[in-house]
Structure formats: C-alpha cells, structure tokens
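Asker: Protein chains in written order, with the working numbering: chain A, 30 to 358; chain B, 249 to 387; chain C, 504 to 1076.
One should not assume that every hint holds.
[What the hints assert, rightly or not] Here are the simulated lysine to aspartate or glutamate pairs, DMTMM-like style, with alpha carbons at most 20 Å apart:
{"id": "1", "chain 1": "B", "residue 1": "K328", "chain 2": "A", "residue 2": "E61"}
{"id": "2", "chain 1": "A", "residue 1": "K104", "chain 2": "B", "residue 2": "D297"}
{"id": "3", "chain 1": "A", "residue 1": "K104", "chain 2": "B", "residue 2": "E295"}
Derived from the structure by calculation, the hints contain no laboratory data.
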Amino acid sequence: MTAIDSHAHSHGDADHGHHAHSEYPFLAHHFESPAQQFDSGKLGMWVFLATEILFFGALFALYAIMRAESPEVFKYASHYLDTTMGGINTCVLILSSMTMAMAVHFAQRSKQGPLVFCLFLTFLGACGFLVIKYFEYTHKIHANLVWGPGFYKPVEHGDGHAGGHAAADAHAATATPSSPNAVMTEHPVLGTNPGLASNSPPLFKLPPVESSTIKPLPAGTPGVSLVGEGDETQHQAEVAEAAHEEKVHLTDPEMPLNTHRFFGIYFAMTGLHGIHVIIGMFLIGWLMYGAAKGRFNSNYYTPVDLGGLYWHIVDLIWIFLFPLFYLIH
Amino acid sequence: MSSPSHSHSSHGHGEQPLVGHLVPMSTLIGTGLGLILLTVVTVAVVEVDLGELNIVIALAIAAFKATLVCLYFMHLRWDKPFNQLMFFGSILFVLLLMLFCLMDVGQLRKTIRGGNPTGVQAVLDAEAPTAPIAKNKPQ
Amino acid sequence: MTTLDASRPTHLNIEASSDNYLTHTRGLLSWAFTLDHKRIGVMYMFAILGSFFVGGVFALLVRTKLLFPDAVNWMTAEQYNQAFTLHGAVMVFLVIVPSIPAALGNFILPIMLGAKDVAFPRLNLASFWLWIFGAIFVVISLLAGSFDTGWTFYTPYSTRTTLGGVVWVITGVFILGFSSIFTGMNFIVTIHKLRPPGMTWFRMPLFLWALYSTALIQVLATPVLAITLALVAIERVFHIGVFDPAMGGDPVLFQHFFWFYSHPAVYIMILPGMGIISEIIAVHSHRHIFGYRFIAFSSIAIAFFSFLVWGHHMFVSGQSGLMGAVFSLITFSVAIPSAIKVFNWLATLYKGSISLNTPMLYGLAFLFLFTIGGLTGLHLGTLNTDIHLHDTYFVVAHFHYVMMGSALIAMVGGLHHWWPKMFGRMYSEALGKLGCVLVFVGFNVTFFTQFMLGSHGMPRRYYLYQPEFQIYHVISTCGSYIMALGFIITGICLLKSLFSGKPAPANPWGGRSLEWQCPSPPPHDNFPTTPRVGDCYDFSIVRWDDSAGGYVVDRSLDPELNPNAPKRAGAHH
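Isolated chain A, as found in the complex (with noise of 0.2 Å):
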C-alpha cells in the first residue's frame, strides 16, 4: 500500500478516501490492495501455465519415446512436412507474441490507441498462423499423410500413377478376408509396403475374437514393426523430391513399418496446439474489446498481462514444435 503514489488513480472517484476499495474501483471485495490483486492474478496465471505444460509435456514425452523406439520412422517421414511453411509460420508466431508483449507495454503506459492496434496486429499473427496450418493440413490430407488407417488409403481415381494399383494388388492379397469391419469398410487398410507386407508374418496377432465386445482389427493393420530398416538416404532424397505427388509413400518400397505413428503425432500435437490458437484469438478478441471500451490503464490491466502470457505459452510450444517435427535431418 506504501508505494500507491497520489496521482495513479486516473479514475475521478467520489470518494479518494483511506479506503483501497472506493479508491480503486477494479479491486475485489476480497482482496486489500491493487498489489494483493495483481499478484494473486498472475500466480494464478502461472500455476495455470504450468498446467499447460504438463498437459503438452505428456505429449512431448510421447513423441521422446515414439522417437526413441523408431527413429527411422521420423527421420523418413520428416521430409513430407514443408519445412519452408513452418518456418515461415515459426516467424509469424514470433512476431505475434512480439506485439503482444507490447500491448502489455502499452497497456502499462495507459497508450489506448497503441493498445488496441498491437492486439490487432497479436490476432492478425495468429489468423496468419491458421491460414497457413490450413493449406499444410489440407495438402496432407489430400495426400493421404494422415493418422491411422487413412494413410494406407489407396488412390481411388486414375492419376496415371502405377503405385495406386501395385498398393491395391498388395491389399487384395494380404487382406484376411475374415475381419469383417463395420467401422472400417469405406476405410480399406492396406499393408504398408508389398514387400514386407505379405513376406513376413505379424510378429504377434490378437488371439481370435470370441467376446462379442471386442471390435476385430482393420483388415491388413500393419503390425509393430521390430524389423530395421536399411539405408535409405540415397531413397529419401528421391522422395524428398516427390514429397508433392499424391500418395507417393504408397509405392515406396522404403518406407519403414509403422510411418503412419509419425503422422498420428503430428496431427495429435499440432492439432492441440492449434486449438489452443483458436482459443487464444477469441482471448484476443475479448481483450481487443475491452481496450477499445478503455478499460485498461496503468492501474489496472491485468487481463492484457494474463492474457498476453497465455498468448506466449502458446508461441513457447510452437517455438519446440518446430524443430521437432520439421527439422529431422
């Protein structure tokens, strides 16, 4: 309370009496001082952040081991990801948070019209970072690099490509005719490469199904790879090149087991995280509105502080992300 100077109350209240609550119109009933308030609000802020950490740090471990178990698995499939599209969103993220951090600045200073316009920039940065995550995820999918059993979908129409139907042959011959699947049937699984698909066997296989309540596995569902892959670096380079063209991990004969995992994560992380985007740009928005009604001033603003550090959370992600899944050599 000793450091609350005279002339920081912008606001003309009635009564600038002794008391913190008619002096500071923001302060809650509970809380003594402006100080008490803020403090409160941003360890709050800060057991929150932690919260998010682990909530992705799980995530994080998940991609250490999936990593650990199968490297070949990342470093092949790495080069389908557009690394120049990343690297250009790494950068507008940044600069996003950039502009947040000075909308604080600006809120500290009782700047409204500085205020305002960083927030706006803060929510163009992060509207930029969907439009491109939306033209990375849509190339993906077309391409069939997806989750689970859709990344061994094969190509359906006539592109002139011979690997649509060498794949499809490969199903019709590994395919078990006797996993017969609801859910799956307008998902046709395939084996993940012919060679190994039908030369060696499931290393182990769920016992036949007796109970009713257990759903039979997708036909051909590749197995847990425990096989090695040779060298393949002069191949990866090659397909590298390829990486555009429809489909064309269906037909590469070097493609380890299980590349779909690699896919699965980055879907499964990426996506998180971009819902985490969305719910920071109507955050946004609300403090966008909030400043423009004049509510924060160097007395009070808390909210653009709070918000500002969820915003920087979400580029702190990004920022490993980046490198995680874009830059395997």
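Fit chains B and C to the given chain A structure using the hints.
Answerer: Just chains B and C now, kept in the frame of chain A:
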C-alpha cells in the same frame, strides 16, 4: 506488497504502472528480432549433417529461444521467485515423466528389439524352428 | 479466462449484519450463480454425497452377486463388469478426488485462513459447474451403451471394446479433471496471497498444509491424465497408433501415463484426509498437536514422493525389470512421511484430555484403518510379494482400507466436525456414534476378509469363483450391508439435525483455529474485521463458557497479550 525493487526502465517517460514491471520497447523489439534470427539459424544448421548432434543443437536453440520468450516477453526475469519456481518446476516434472518412460522403453528395446534372449532362442530352435518368433534371432 | 481474472471489480459489501451465508440472499439462482466459497462448498458437498450414494449402490450390487459362486439370473457377467467399473469410476472421479478439497476445503479453507473468499471466486464456481457437466457426461455414457473397462481404462481393451459409453465417460473424466485443476489453482493462490497479517506459513492449521500439498498434486498431475484420456479417445476414433498395439502403439505406455496421474491422485485423496485428522485429533483431545512442523513437511514430502512411484502399479504388466526394481525401492520412501504423521497423531493423543465425540471416533477409526492400509501397501510395494498378490482381492482390500477406510472416513469425520459450523445445528451424538461404530465394524468385516481371500488366490473382478471362496464372500457381503446401514443412519442423523437439531454455538468442540471464532453458520463475509491470528493449536486459552453454550477463546488468558495471565500448561479440562 508491491515490490519497490523493480529495476528502473530506461525509456524516460516516467509512466510506471501501479503494479508489475514495464519492459522497455527496445528490449521487446530486440528480443523479437533475436528470435527470428535464431529461427533462421536453426533452419540453416539442419542442412549440415552432424549425426546425433543435429537434434541436440536444434533443441538447444529451441530452449534458448524459449528462455528469451520467458524472460523478456513473459517478464519472468522480474517476476516473483515462486512464479519462476512454478514454471521451471513444471518442466522438471515433464522431464521426470519422460526420463522414467524412456528408461523403461530403453530396457524393452534391448530385450525385444535385440531379438529373443539366448535361452529362449535355444528352446525355439530346438522345439519350434518354424514359429515366426524363432526368426527373431539375437543380433 | 474471464473466470481466472482476479482483478475484475465486484460490488462492495454492505455492512456485516446478523444474517449468515445461508440466508444472505434467497432463491435458487442466488445459489446457482453464487461466488461465495461457502455456498459452492455446500453445493459440492451435496452433489458429492449424491454420487457417493450412487457409487455405493453399485458396490452393493457387486457384493450381492458375489454371494454366489455361480452365475445368477438377475445379473449377467457383462452387467457385473459394468457395475464394478461404474462403482470404481464414480467413487474415484466423482466422489473421493473432489470430496475433501472441493466440498470441505472450499468451505473451510478461506475461513481457517482468515480470508474473505478464495482468490478466484468465478473460477471456483466454474469448477463446480464443470463437475456437474462431468457428471452429466458420465450419465450420458450409461445411456450411450455403458462401459466395462474398469475405472483405469486400460488399453488396448478401452480402444477396442464395442460398448458405446467409453468416449463419453472419458470426456466426462477429462472435464472433471479440469474441475479439479481449478480447485487446486484456487487453493495455491489463496494460501500464498490471501493470508492476513500474522498468519505465517507455520501458523497455518495443518489442514491447510494438507490442502496446499494436495493442490500442488492436482495442478501438476491432472493435466497428464487429461491428455492421456484424450489420446485414448483419439486412438479409439482415429487409430493414430499411440496406445493400440494393432496400430503399432504401446499399451504399456498408456499405463505409465495413466499412473503418472493416478498414483499421485491416491495422495490427492488421502492427504486432505490426513489434514482433517490432524485437526480432529488435536481439537478433540484438547492438546497441542505434537510435531507440527513434521506433520506439515511430511505433507509436502508425500506430495513430492507421490510422483516418483507410479511404476509399482505395473510390476507385472510388461514393465522392464530394472524399472520395477527402481519403483519398488522408491515406493518404500513414501512410508516414512506417512509413518511420521501416524506417530505424531498418537503422541498428540498421549495424555490428552480426549472427548469421545463423533468426529473423534472417526479420527480414531482412521488411525486404525490407515495403519492397516498403509502396512499392507508395503506387501504390495515389494516386488516379489506383489508377483503373488497382484490383481487379487488383497489389492482390493488394501486400497479400500486407504481410499475408503482412510480418505472417506476422514471425510465423514470432517463432515461431523464442521457440520455445526456449516449449518449452525448440532446433530444427535447418539445416532452419530451408532453410525460410526456400524461403519467401522462393517468396513472391517467387509475388507479384512478380502485380505484373506486375496492371499488365498481369489483374483479381483471375477464374476465366477471356486466354491471354496464362498464363505469369505458371504462374510464380506454381510459386512457391506452393515456398512450401508451405518451410512444410512449417519445420513439420517445429519439430515435430521437440519430440521430439529439444537442451535450450535460458535465453538462446540473447543477448537482454536479461526473458523471457530466466527459465528455458526458464518456470515457472508466470514469476518467483520481482519481476525487476530494466534497459535491455532494452543488450547490453553480456550475455555468453556456457559452463557455462550460452547467454548470461547479467552484472550485474557493469553500470556502473549496479558502478562498477568495465569500460567496454564497442556490440556483444558
């Protein structure tokens, strides 16, 4: 409660907020540009094949960038010690989860991916040489 | 986000009047949208007690089936699986995890601390409504085809079973997790930032230390459960290949992630119970708590160790031998802070002036049951005995001794301890004690038998069993009926007091902490002025006052304030 020990900012407007710490504009812009630069560096360095070192360097740069964001954008450098503890403590717990799981997976990798244990392989060779698992010989 | 914002203005309070929080405003909406921590605590309490009833019914159904070793015509094996799954899921996620922190903690914590409210009242209300939504999703899952995965949702079964309720219940638990996180955030910030002058860390009642440790676990562990369950749902719908071996995933990894939360969650359940026992034992033996700092620090130690031992749930589920040994070793370290607490409670009782009130009976029951539960935990933490005992009724008995015999008994004890404070009514001691004795006897008959069942080799979760086990199952089921009777009597006792109980004094038991120094029930603002904080376990200045009909804290007896005060040592008589 408000801490008087905040380091003084140099912008000279004299508009200190009632609570919290004001980070000068120059610091914010400098941090932003530094982050962009580091992004370019991390993309460039991946072209150089350093084997296992590649991921170490990429993660080190990412950690450095994250630290910059924390310290300057998130004001953590001037924040309460308990807030700092909460943040870095939570990262420790993530590392704990990661470490124990990796230790376990590492062990399994040795026992499963390394092929059948020698004793088991001997039994398989003698009794069930045609079993698929019998082909998973130790390397 | 709006709910987190502590800085939004709320209208200033009117003068503290003679009205209390129950009568401060009227109408259903004034409860549904209240920001008063006391009302939120009370709403939580009735919601949780309702869930406790539902979970109890499922338990009785399971026990009744187990009277007979063969199939029964009124319950199929599938229905049996669903019944024990629902019993576990409801009791863990809807009852025990939120019970003490969200219900009693919400009510008591700010008053004990001397604060007007928790730090984020809106977040607190959001937490309650999230709990309600979570519970609604659990109900939807029943309508959508139920689930029989066990409360642990182990993969690959949970990603492959065709029962339609799995994704719904997972969504429900996900939401309940955030409800729990918000409560924990609120408690951490409240204890850090809203302590009035004089309330130093080491003057806080031990219940607050326990709630603080609990909140730390809630905040650090629950997000991992949330993301793990989200992954199970994603795996089930999209087959992304993280946990499902058919898609190249690793089901043991699910168990790692799940127990990274769910072992600390065991301490989310038991730590606040231990806090309640610290209060009950000290107040009802009118003696200064023995080893205050040891009990306080052991709470923090338990919270920390709880994160290092999760693998002892996985000794036989494909975990590597090395990690099994490591986890077994660390597991024993949890026994140290737990034992420190028990020894300090016993030392507090020693030469105390013990009043055998109903809360104290529950406190003593806790000591007895927790000791059994804790010691049998050592059998299970030992690698080689666990190979024999895992997945038998021995495990079931062990965790019921800890989860129910300790955590829930402490919850019910705390309910009796603070009931006069919450509603301003005294309950019938005779009925309360009868209920307590029946629960205690019924509990031991039910679960001690299961130790024997388990060590003889009866596996848990089985629908059919060998006839030689039948005698134990019959005894166990009879015990569960006795226990149910005890809980019914307890419920009648408490509900009856609301209508016909005699008005409670501010301090019926002789407590010293701040909540006993505001009226029963407390006014809307808790304290008209910032209360004076003393040593909350110094009972020497607490004396009986006939005109108040209860105990009062007599400051003239305080040597700190009054140099002429007579020297009084130890217990009040």
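Asker: Taking the numbered hints from earlier one at a time, note which ones the structure violates and give those numbers from smallest to largest.
Answerer: Going through the list in order, the structure violates no hint and respects every one.
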